[in-house]
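J.: Residue numbers (numbering that gives the first Met the number 0), protein chains in the order written: chain C, 0 to 350; chain U, 0 to 283; chain F, 0 to 188.
No wet-lab data here; the hints were simulated from the structure. Keep in mind it's a predicted model, so treat the numbers as computed, not measured. Some clues are possibly wrong.
Simulated restraints on C-beta separations [unchecked claim]: (1) Glu-56/C / Gln-100/F: 55 to 61 Å; (2) Leu-89/F / Phe-322/C: 49 to 55 Å; (3) Leu-34/F / Gly-156/C: 46 to 52 Å; (4) Pro-96/F / Arg-241/C: 47 to 53 Å; (5) Thr-57/F / Leu-205/U: 50 to 56 Å; (6) Arg-328/C / Val-232/U: 45 to 51 Å; (7) Leu-191/U / Ser-270/C: 41 to 47 Å; (8) Leu-307/C / Ser-43/U: 28 to 34 Å; (9) Pro-126/F / Tyr-109/U: 53 to 59 Å.
Built from N, CA and C at the ideal position, the CB exists for glycine as well.
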Amino acid sequence: MLERTTRPPPEYEPLDWSSAAPTSILARIDEAGIVGMGGAGYPTVSKLASGLHYGTEHVVANGVECEPGVHADRSLMRQHLSQVIEGLHIVGHCLGCDQLTLAVADRETYRIFQSSDIADVKCEIVSDHPANGEERTLIKSLFDQTIPPSAYPSQHGIVVLNVATLFAICEAVRDGYRPTDRVVTVLDEDRWVDVNTSLSAFCSDESQMRLGSVATGTIDRGDATIDLTTNAVAHDRGKLTRACIHCGWCDDVCPRSLPVEAMLRSQQSTSPQDDLEPHFDACFECGACVVVCPSEIPLLDWIRQGKLEASARRLKQRALKRFERRNQRLTQHLSEETDAREARIRTRHEW
Amino acid sequence: MVHVMVALLPGIAVHVALAGWQTLVVIGATTIAALVTEIACTRSARDLADGSATVTGLLIGLCLPASTLWFVCLVAAIIAVAIAKHAFGGLGNNVFNPAMAGYAAVLLAYPALVVEFDTVSGATALEQLAHRGSTTIEEVSTTQAFGAFGAANHEWVNLAFLIGGLYLIAVRVISPLLPLCVIAGIGITAFLLDDGGSSTSHGSPLFNWFAGGTMLSAFFIATDPVTSPSNRVGIVVYALGIGALAMLIRKYSSWPDGFAFAVLLANCFVPLLERIGRTRTSTS
Amino acid sequence: MSELLALFIGIALVNNFVLVQFLGLCPYVGTSQRLETAVPMTLATAFVMILTTLLTHTLYNFLLVPLGLEYLRIIAFIFAIASVVQMTELYIRQISPVLHQLLGIYLPLITSNCAILGLALTIAELPLHQAMVYAIGGAVGFGVVLVAFASLRERLQSEAIPRAFRGTPVALLAAGFMALAFAGFRGMG
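Using the sequences provided together with the hints, build the complete structure.
T.: Here it is in structure tokens:
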């Protein structure tokens, strides 16, 4: 049983959601400030409003937690499955949708769900490939439907919410709590952590910490704090412990079939190749490559750096183009003015 | 790398059983020279842990015949580790297979000292095929240099390396695709070149699979992840190319066996293969 | 037919201009920094090789030999090569400015490529069809090796290379190992 520290008393009046109007539920989610707790941090009220506007066929509770060494969502589901399911019902009621699905990746949670005789929610089990927790990949494997990159899934009738978000919705709507804590895998152990806790509170020695899992987290630069989207805190494995031996496993495992190895090579060379730039942007940081790497190279750090450099290069090019166009415009303007003046002089002279 | 060393053990054992304790001296000399060079290049013993220098030394020792002089072993190991690996940036950045670069260098520098003579039967089967004049394959194969299905003695060495290679596949250190393609490459080429036994024939696919360094190259040398392509199309082209080139060099050139050169030749084209493979996958 | 094939493989691989005869090393090292320059250089060299072979072969057999002026062949060939390169440049500029732009400085530089003069001197006394196969084989061998070396050099830019070896030294080492690999063809054909 996870210990939950004392929380401030409920800020809002408990709401009887089964008889409440969708707008009042949305207003409650909005004022409680609930965001996507799977990592994206997208405001939940915007997602639900979009789902309400376009009409929703499926609501999916995303319990597929495939990052290595992270089991915060799993622990939450094991303890508070009824609240997660109630959150799913609240969202279903709010969007007028009765096709509710819970997606999980581990057998244990699936077994707990089966023994809890919940009738109107379907439970699907998907493989635990590190990319499967991503929204669009999950939709592809559940409904065999591809969402175009330019659109949100909620515009295509599917709303996917993380189980921790659903739990927070349930507490905010039914009990009136504002979410001030969440389950975090802290150094491989799950516990309730208040938001705004500094990362240094968990660090016993001088070693570097990562905000997030060991594979996908970002390195703490000394000022990182837990927020609602943090699902893990881990020790850093250290920078580039061994050399890349070009085994190609990262290329094989990448769900987007990106040339990860060539990207790393380009980042480590003295002259990066610019034809790889679109690949850096296509990476959605699932961390699958970091998991399989036999040399334990923090590939995502290199790729993130490459992304930053690529966007900086693009900004520079855009500014350069703008500058050139302006110069061109100015010289054109100047020559037009000179032409006009000469024409004026000539006419005056003739006159 | 520990798995690779374990997988090499049966081959080393057969080598020692057939050629005597001198083999161990050669293998020991190349391995120790490789390790010392590695320490000298990195100025620390930290990188010895990855085992790559040990494997390079072992592979050179297994390629060189048992009668090799000690300084030839030394030169091969130093060229392999210092020039072919560390001058290019160390493990992971080398373009050419270090073991084969070192072996090919001494093959060219000391051809008379590295010519392989079997301690049991004089010249090996591949040697006899390379310098036989106009005798047909039936006439040559009655000599002692030929065994039951491959070259004498070498068939057992190759069998031992085949077992070691299967162990590597079983523990998932290498994927079966690359060695299979090397073996297919040499088999197809040998089949096409085999005209049944005239004086220009070079033996059946089965003979060529179990002669010279076929299995050692297919499972232990060509599979080096650093110097082989990482995309699947590249791997197939690379491995088939090694097999075909090795067979062509065996048959047409003045070298008895061609794997060292075939691997180095294929290494030259690996960056090009990866580039082509990459543009293809990113446009599709 | 098999004789021509042997001739082709002989000059393309076994006696490769760059890696075995060590001819044409300046463009080999000079234009191999990027694949984008190596490919146009390959095409331009192949074009000039085939054209000069036709010209110098005619010049030698129908002008120098009848007049007994064989000892002038080096000067005559250099003159012929230079004019072929000049005319090629003019012609390419006229029919395809884009290609001309792409080849840039490398086109006039072919004049001083010793592989071309070496080729002209080697094939002067062969029959014409053999000379043409020889020229095409030489061009293919030069091109394959140059393109492979260019893609290889793009990889030799790692930060891990010791400072003393960065740039040209490691490229020359790589060229040395390529020559080592091509020594495997020794005795073929």
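J.: Per the hint of 45 to 51 Å, is the separation of the Cβ atoms of Arg-328/C and Val-232/U within bounds?
T.: 49 Å, holds
J.: Determine whether the Cβ-Cβ distance between Glu-56/C and Gln-100/F falls within the hinted range of 55 to 61 Å.
T.: 56 Å, holds
J.: When you take the CB atoms of Pro-96/F and Arg-241/C, is the distance between them in 47 to 53 Å?
T.: Since Pro-96/F and Arg-241/C have Cβ atoms about 51 Å apart, the given range 47 to 53 Å holds.
J.: Holds or violated: the 28 to 34 Å window for the beta-carbon distance between Leu-307/C and Ser-43/U?
T.: Given a distance of about 33 Å, which is inside 28 to 34 Å, the answer is holds.
J.: With 49 to 55 Å as the target window, see if Leu-89/F and Phe-322/C comply at their CB atoms.
T.: 38 Å, violated
J.: Quick one: are Leu-34/F and Gly-156/C within 46 to 52 Å, going by C-beta?
T.: Check passed, 47 Å falls within 46 to 52 Å.
J.: Between Pro-126/F and Tyr-109/U, does the C-beta distance stay in 53 to 59 Å?
T.: 41 Å, violated
J.: Given the range 50 to 56 Å, decide if the beta-carbon distance of Thr-57/F to Leu-205/U lies inside it.
T.: At 53 Å between Cβs, range holds.
J.: Between Leu-191/U and Ser-270/C, is the Cβ distance one that fits in 41 to 47 Å?
T.: With Cβ atoms ~43 Å apart, the hint holds.
Hints 2 and 9 from the earlier list are contradicted by this structure; the remaining hints agree with it.
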